[in-house]
Amino acid sequence: MSKSKFKNPVVKWIDHRLPVFSFMDHELNHYPTPKNLNYFWNFGSLAGFALVTMIITGIVLSMNYTAHVDYAFDSVERIMRDVNHGWLIRYIHMNGASFFFIVVYIHIFRGLYYGSYKAPRELLWILGVLILLLMMATAFMGYVLPWGQMSFWGATVITNLFSAIPLVGESIVTWLWGGFSVDNSTLNRFFSLHFVLPFVIVGVVILHLVALHRFGSNNPIGIDVRGTQDTVPFSPYYTIKDLFGLSVFLSFFAAAVFFFPNFMGHPDNYIEANPMVTPAHIVPEWYFLPFYAILRAVPDKLGGVLFMFGAIAVLFILPWLDRSPVRSSQFRPIFKIFFWILFLDCILLGYLGAMPAEGIYVILSRIATAYYFFHFLILFPLLPYIEKTKPLPISISEPVLGGGATASAFAMREKK
Amino acid sequence: MIKGSSCFFSNNIFKLLFSLVIICSSNFSLAAGEKISYPQLNWTFSGILGTFDRASQQRGLQVYKEVCSGCHGMRLLAYRNLKSIGYNDDEIKAFAAENSVNTINDDGEVVERQARPSDKFVSPYPNDKAARAANGGAYPPDLSLIVKARPDGANYLHALLTGYVDAPAEKKVPDGMYYNKYYSGNLIGMPQPLYDDGVEYADGTKATPDQMAKDVTAFLAWASEPEMEDRKRLGISVMLFLLLLTALSYFAMKQIWAPIKNQ
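Each protein sequence line maps, in turn, to chains A and B. Residue numbers for the first sequence follow our numbering, beginning at 1 and rising by one. Residue numbers for the second sequence follow our numbering, beginning at 1 and rising by one.
Treat each hint with caution, since some may be false.
Said to hold, decoys possible - A partial selection of chain B residues facing chain A, derived with a Cβ cut-off under 10 Å:
no. : residue
1   : Ala78
2   : Asn81
3   : Asp142
4   : Gly153
5   : Val173
6   : Leu234
7   : Met239
8   : Leu243
9   : Ser249
10  : Gln255
Read the hints as simulated data drawn from the structure, not as lab findings. Everything numeric in this text was worked out from a predicted model, so none of it was measured. Cβ atoms here follow ideal geometry from the backbone N, Cα and C, with glycine treated the same way.
Taking the hints into account, I'd like the entire structure generated from these sequences.
The following block contains the structure:
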């Protein structure tokens, strides 16, 4: 079979002994993909692109960066001023973090909307949540490295959260810092971890892809592929579509890097870290703001920390919280409305995370936090009992609506 | 058909998502800023095609040198960097030579030598404590990044430098503090730095406080982002390339998908 597949004799020789070419041909070329994917399915490959971009620019930056409290800030400025195109590499890395999160958040909301976390893709989803968690840790530690005011104070605030743990909290914080305050040893270990975690992410991404290719992509209708008439080979159909998506993404990304490179940053981070001067408002990077709002919404410190981590934890068990056998929101009229409420709730939380924790903002934060957990813990399990789903089409290639009985038969099959 | 309608649907949602993210993050930068609003000036360097005004930058360097540098350092800037605001090698050499730096000679003694173009701008004080001691406890911040390190930096700086007015009667101004209508809390440790004809411009421009504030801001904006002109220039080429790539990949996609869509 490999005889006919590859013409190049070297490729043929290698592939016979080490079938990497067969593997790539199978997974990237012939890989059958539902033919009805919309543009929201572009964000997975975009996230992969963002990860690779971050790793490449990050490696180059690390060649010029000095992880020491006395030199870190100046070494970043040396990159900006004296390293050839250092400003470009650093701005790509800095804005790349924000764009990575934009892409990943859209990717996650797509999964929520189309029920991509449901059987048999539970592990695929869980690996994705794990990637999100690793990304957050990596981004947080990366933000500390330039050693500006927000780096320092953000690190101080976030690491201090662990002191809320009863009995051992203070010891854990000292252990994390490697001392009695955020200092040189903290910076060193954060640099070390910031360098290594992306490769851990790559590992989990590979598992994410293995799990994806087991059953293939979900699709906007959310019903299973019934045969080859429902799919197209990944190449050229989705390679070209991903290239188009990448071009659009890069246009936005380049506009930010070249024309508004500091828009998503904070001016205070261009002031060198000073443990003696606390900034008026300590705000995390925008992609943490919803979680920051949840943290501050709870009047108790330990409670706040638990709710904040709980906001991610509910995502891990989501495949078992949502009891509806129908995947796509297109056939779940009530779920669809609540999806958009959840989306706006997250935007509101992000907004509130940036506001000072006082007055109306605190009350709104509490309402928004309460809704977030209501949505996952109560609405998801209960909705299938009250919601009448629309009839499902028979197949992707024949989007003819079947009768109610047929649709529920399919739904039952999918539930298995 | 479901395929078509879901595509249309997703396009609109994509726009919504993106604009919401932008709105969300812009609120965040507003939240962190001060509540005081400053006059919004028309800087030559703002906008995606904006460039620095060389004459203004050079006047700004003069203001920095004759007024600000008494207290404020610019430790991230090297004398050689002045080449990009239009000075030649000899001028830079002479400019640097007006300062002296400490070095260690072959006998191990600390000696002074003239600064060279490769040296960083010499700061007025040997260390932060000396700077505070000489300024009644207030630390004059280094100006290398000042425009990037303040929200709406250029407008803020210009406003601050021209914001010295008489304090309202009910406001008590302690000794060693000054009233500035644009400074957070209104009490600033820096005395009014710019007065009419505080410097004498070689090009004959009238040195009003407003003019000097604009010039020194232009200079400091460049010092904060010396790469800005290169960045925007490269950005234009990159955007043109990406537009072309987007168009080509779009039509290639349409062509490749045509048989599937027409099934």
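For each hint, the structure was consulted:
Taking 10 Å as the C-beta cut-off, the interface hint given for Ala78 of chain B holds, the closest approach to chain A being about 8 Å. The beta carbon of Asn81 of chain B is positioned within 10 Å of a beta carbon in chain A (closest approach about 8 Å), and the interface hint is therefore held. Of the supplied interface hints, the one on Asp142 of chain B holds, with its beta-carbon coming within about 9 Å of a beta-carbon of chain A, less than 10 Å. The interface hint given for Gly153 of chain B holds, since its Cβ lies 7 Å from the closest Cβ of chain A, which is under the 10 Å cut-off.
Restraint check, Val173 of chain B versus chain A: the minimum CB separation of about 22 Å is more than 10 Å; hint violated. With 10 Å as the threshold, the beta carbon of Leu234 of chain B comes within range of chain A, its nearest partner Cβ sitting at about 7 Å, so the hint holds. The criterion of a C-beta within 10 Å of any C-beta in chain A is met by Met239 of chain B, whose closest approach is roughly 6 Å, and the hint holds. For Leu243 of chain B, the interface hint holds, the least distance from its beta-carbon to any beta-carbon of chain A being 7 Å, beneath 10 Å.
At about 4 Å, the closest approach between the beta carbon of Ser249 of chain B and any beta carbon in chain A falls short of 10 Å, and the interface hint on this residue holds. Look at Gln255 of chain B: its Cβ gets to within about 9 Å of chain A, closer than 10 Å, so that hint holds up.
Of the numbered hints stated above, the single one contradicted by the structure is hint 5.
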